[in-house]
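K.L.:
We have chain Z already, so just place chains B and P on it with the hints.
Residue numbers (my numbering), protein chains in the order written: chain Z, 1 to 278; chain B, 279 to 721; chain P, 722 to 1047.
No lab work stands behind these hints, which were simulated from the structure alone.
Honestly, I wouldn't trust all of these hints.
As the list claims (entries may be wrong) - Quick list of in silico lysine-lysine cross-link-like pairs, BS3-like style, CA-CA up to 25 Å: (1) B/Lys620 to B/Lys356; (2) Z/Lys223 to B/Lys326; (3) B/Lys630 to Z/Lys66; (4) P/Lys1040 to Z/Lys107; (5) P/Lys755 to Z/Lys103; (6) B/Lys430 to B/Lys414; (7) B/Lys587 to B/Lys642; (8) B/Lys642 to B/Lys655; (9) Z/Lys42 to B/Lys578.
Here are the chains, one letter per residue:
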Amino acid sequence: MNSKGLKKTMLGIPVFIVLTVLALTVVVPLLWLILSAFKTEKEILTYPPTFIPHNLTLANFTATVKRIKIITYIKNSVIYAGVTTTLAVVVNSMAGYAYARKKFFGKGAFFLITLATMMVPFQVIMVPLFLVVYKLGMYNNYLGLIIPRVAVAGSIFMMRAAFANLPVELEDAARIDGLSEFGIFWRIMLPQVKSSVICLIILSINGSWNDLLWPMIVASDTKMRTLANGLALFVGQNTIQYGASFAGALISLLPMLILYILGQRYFVEGMASSGLKS
Amino acid sequence: MKRKLISVILAAAMTVVSLAGCGSSTSAKASGELATENGESVSKKADKPVTIKFWNGFTGSDGDELVELVDKFNSENKYGINVEMDISASLDEQLASAFAAGDGPDLVLFSSASRFTYGDYLQDISDIFDKTDLKKDDFIEAYTDYCSEGDKLYLMPMEIVGFYLYWNKDLFKAAGLDPEKGPQTWDEYVEYAKKITDADKNVYGSGLCYGYNYQMAHTLQRFGDLAVTKGDDGKWKANFDGNSGYAKFLDTYKSLVDSGDNPLTDDTDSMMTAGQLGMTINGPWLTSGMDTAGINYGIKAIPTGDADKMSSAEVIGMAVTTLASEDAKQACYRFIEWWNSKDDNGECPSEKWSLDFGYPTYLKSVLESDAYKANDKVMSMTNTDTSLRADFIVDSAFPGIGKIISDVIPQMTQPVLFDNKDSGETLTECQKIADTIVGEYNE
Amino acid sequence: MSNTGAVTNTAEWEQKCSHPEYKRIQMKKNALSKTIKYLQSAEGSAYIFIFPSIILLMMFNIIPLLAAFGLSFFDVPITLDSAKFIGIENFKTAFSDARFVNSLKVTAIFTAIEVPVQVIGAMIIAAFISENNLKNKFFRAIYFLPVICSATAIGIMWKMILHSNVGFFTYALSSMGLGRINFFNDTHMAIFTVAFISIWRSFGISAIIYVTAIQNVNGSLYEAAKMDGAGSLRQFIDVTVPSIRPTFWFILMTRFAGSLQIFDIIYMTTNGGPNYTTESTVTYVYSRAFSSGSQMGYASTMSVILFAVIMIVTVIMNKRMNSEDM
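Just chain Z, with the same shape it has in the complex:
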């Protein structure tokens, strides 16, 4: 077994303490949120505040399910996140591959343009973007929801970093074997960065899953609302339904959590199967 990074020999215990403190910083607030979803509204806003619920209730969950058309919303979220992510993996890793491993005329300029799209707050380009989508006839349908969200500069950049790490020999060997350029990319190089692809998939699904503003703007048809939109309904202009918001957050978190736990396996295997190790 190779030692990657710092080894635990001398730093073992202090490091473990630091890692544990960080983990607690993450877990304790989330635990509070999870437990609060089972509290009554009265108990969430009581003083002194409680951590463990005095009496458990499922009222927040029933309220959530009653309020929003949860099945339709989940279906839409799955379509939105699923299709966007599938396309995003292909498009962004292709681009990242080219920027990492190919020399071509205009590369710097293209890359800079790509980067530039990362630098603008979405709120600013929102209305013009909407008009482009509208004029392309993609208003109120899944195309408008999905297509504009496929190419993401951040993902391209991430894949570029992943591909840049690979040794040149791999590519050369494949080229001698007579593989097409796309074949080299698809069959040889992409599997090497499997863990980054998984990372991209999770971030992309996660981004669309929690995306609030875009699905709302690009579709006025209520049949196209996503789960995130539905859950936003508990945060009123003047009041917040804390219990229902937390319950909703839990419901929407669950699929992500399952996905992440499944993905975690691949994060790990990504390296093991790369064939590069020792």
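P.N.:
For chains B and P alone, kept in the frame of chain Z given last:
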């Protein structure tokens, strides 16, 4: 010519990146569709079984009831009209995009102040009284005035939002005060606050909140009257500099914070609901939270300071957009008519809405009804003197209300509170900011 | 002239070949097949690879972006329907607008707190948890949790936990005798609170991406270093850090751009207060565009200025990056 500018800029942008072909053909089609829609014959008067798009931002618990009421209308209206409602957590962004593209809602529910933002996209609906059975004189004038410009009516009132003083009766009792009597004056308010505050129990007497611009605005005008009024020369003028009422409010707030009788916080709602606040000022939505939490509270009008007796209210109303065809407009009228009329069982959605949420009514007939009179909560928030002026923070015709609330009011309270600035100097600074805003509307 | 008949003799053939029309077609064919060949080559194929992303980014990012730039020279309301060309008036206004200048300052402070933690802190933590064992997998899973939560839920959660009065954490601290800390309403504290929440939320992404990169480092490099007698700290500095440089640049630049655009966490918690100490540029832009008075033109102007700032820094970093690892 709507959308001209953005089309030019978009076209230019598309040319720059030499993709002009992608958009031009479809864009012609889109505007063509629109032309026919707008040009459709105006002669048809009969009600058509159309579907209307109804947008609003009623997230939160009141949205639940709105959904039920809309469903009720859809199932029982005799015209076959279908109201398709969309509740949005980002209504402004959605409206901006929809109006820019010319494809969106027929009916919108929002603050009457929105008529200044979206005025170009709202239809005059003053003929609603001719085309439906609604009576103009059933509506309290102070509120319909809010929705009008000259003879034109842009919104029909749907709820009246006023701010009130709420007090926690149990904390009053604990402090040896009469739990049934809230403060009559601001001097009493300060006196009570000091008695109620109990640092050991983390209890504060007063709940003024710098981060809550609406609370600040409703309270401020009790001290120093309206911030923008029409001068003798017919021009708008701002009334900050030298406003002793405003200065007194700022000093009062500051000293309550300094003495520890008012928490330094941007969220007083949670504290009131948790039973940690003696008094606070807020809208009727606070009551539902306090009811679930079992808080024993009283409601009364905000004490008047140096200014004359007044009420202050924001009117939320329904507006028909320019995107609605004549048929859709008529359908919207029918929905508004239904909202404000009694059905065969004598039930009126508007009355139900008022009673359920504690919004004072804008209908004289509801004001007279027994059920309304019997409801203590809503009666304590109703201003029975319908002739009293109800402008909120600025003259109700001043279009810059949004900017006064979000740009000037925080600049009053926060420097005094956080930088220990003198209230008089702060108001002089605010006058400068306000003069710029007012100047834009005097041109 | 008709070309339907079969070509029967050489003369005719030659004649046909020398016909200008034919030559053009032939040349086109050659050019086409040359182009196809080029696009199949190692170098030329790059254009195929970047084509989909470039088209999509053009349509849905660059065009709207240019449109937004155009708007910055106009006085336009939220619905963009009426416009007055006012030249650089908006730019002049921006630089004399105390709130805008303040917002740039707030954004800079926020970035100065967030970026080093994300870039350096996450790298160090990643180094400790990159080895695949049960303990590390557990920590990785935990650190990533906030990433998959929605911003709305996180915002409400922290607002309640750190509430100045009824917050769980505030209460816990004060009952431990540490005093009552006003996380959101103290003018010196609030920006740190907001930065903390932001880091809390996305620290996991940075760490996991570093972990992925560290795992991808060629194992033989460590072997070589070990043979030279390098300890684990030396291995980290000499092998790991140089090997993951592309990832380092990625995290640095994305975090940098992200921090300068900080919005949702602030919007959900302090909304710019107290006394504008957490009003970031995008928060201010947003309030100008949507909340009051709706000055889309002015909002665009401020974004253009912010864009220019981010772009300049990015170009400099991009240059550094390219000179280092290409």
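K.L.:
The structure should be examined with respect to each hint, and the outcome stated for every one.
P.N.:
Hint check:
{"no.": "1", "hint": "B/Lys620 to B/Lys356", "in the structure": "holds (15 Å)"}
{"no.": "2", "hint": "Z/Lys223 to B/Lys326", "in the structure": "holds (24 Å)"}
{"no.": "3", "hint": "B/Lys630 to Z/Lys66", "in the structure": "holds (22 Å)"}
{"no.": "4", "hint": "P/Lys1040 to Z/Lys107", "in the structure": "holds (13 Å)"}
{"no.": "5", "hint": "P/Lys755 to Z/Lys103", "in the structure": "holds (19 Å)"}
{"no.": "6", "hint": "B/Lys430 to B/Lys414", "in the structure": "holds (13 Å)"}
{"no.": "7", "hint": "B/Lys587 to B/Lys642", "in the structure": "holds (21 Å)"}
{"no.": "8", "hint": "B/Lys642 to B/Lys655", "in the structure": "holds (18 Å)"}
{"no.": "9", "hint": "Z/Lys42 to B/Lys578", "in the structure": "holds (24 Å)"}
The structure shown violates none of the earlier numbered hints.
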